[in-house]
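J.: Sequence:
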Amino acid sequence: MIGSRVSYQRSRRGLDRAALARRIGVAEQTLSDFESGFRRIDPLIMLNICHSLNVGVAYFFEPWAVGWDPDAPKARGAHAARASTPSGSRFKH
Numbered sequence: 067m068i069g070s071r072v073s074y075q076r077s078r079r080g081l082d083r084a085a086l087a088r089r090i091g092v093a094e095q096t097l098s099d100f101e102s103g104f105r106r107i108d109p110l111i112m113l114n115i116c117h118s119l120n121v122g123v124a125y126f127f128e129p130w131a132v133g134w135d136p137d138a139p140k141a142r143g144a145h146a147a148r149a150s151t152p153s154g155s156r157f158k159h
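With this note's numbering, the residue at position 41 of the sequence shown is 107, and numbering never jumps.
The reader is advised that the hints may include incorrect statements.
Here are the simulated distance ranges between beta carbons [unchecked claim]: (1) I111 <-> D82: 26 to 36 Å; (2) L113 <-> A85: 16 to 26 Å; (3) D108 <-> S70: 17 to 27 Å; (4) P129 <-> A93: 27 to 37 Å; (5) I68 <-> E94: 15 to 25 Å; (6) R88 <-> P129: 27 to 37 Å; (7) M67 <-> L113: 27 to 37 Å; (8) L113 <-> A93: 16 to 26 Å; (9) G122 <-> L81: 14 to 24 Å.
Because the hints were derived from the structure by calculation, they are not lab data.
Ideal Cβ placement from N, Cα and C applies to all residues, glycine included.
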């Protein structure tokens, strides 16, 4: 999931793999391994990726449901609670 988000943001910004690899200080093959999930991303490299792609670390760990737009505003308050449950139902306390 993290690798696919790196790939998505890289492509969205018009960067090829070689360009982002240079920016974050890794070999192009290493970035390819990150994006395909074959290699774990070191936390310091993750910060470099976030800086280079201008996204927060949380972006890589948020739910990515079908149809979810990563650039859409985040829901807040009661609307967020309804949006996060099946069919907008509320949990009983």
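J.: Are the hints correct? Go through all of them and say.
T.: Hints, verified against the model:
| no. | hint | in the structure |
| --- | --- | --- |
| 1 | I111 <-> D82: 26 to 36 Å | 18 Å, violated |
| 2 | L113 <-> A85: 16 to 26 Å | 18 Å, holds |
| 3 | D108 <-> S70: 17 to 27 Å | 18 Å, holds |
| 4 | P129 <-> A93: 27 to 37 Å | 31 Å, holds |
| 5 | I68 <-> E94: 15 to 25 Å | 18 Å, holds |
| 6 | R88 <-> P129: 27 to 37 Å | 31 Å, holds |
| 7 | M67 <-> L113: 27 to 37 Å | 18 Å, violated |
| 8 | L113 <-> A93: 16 to 26 Å | 18 Å, holds |
| 9 | G122 <-> L81: 14 to 24 Å | 18 Å, holds |
Comparing the model with each numbered hint stated earlier shows that hints 1, 7 do not hold.
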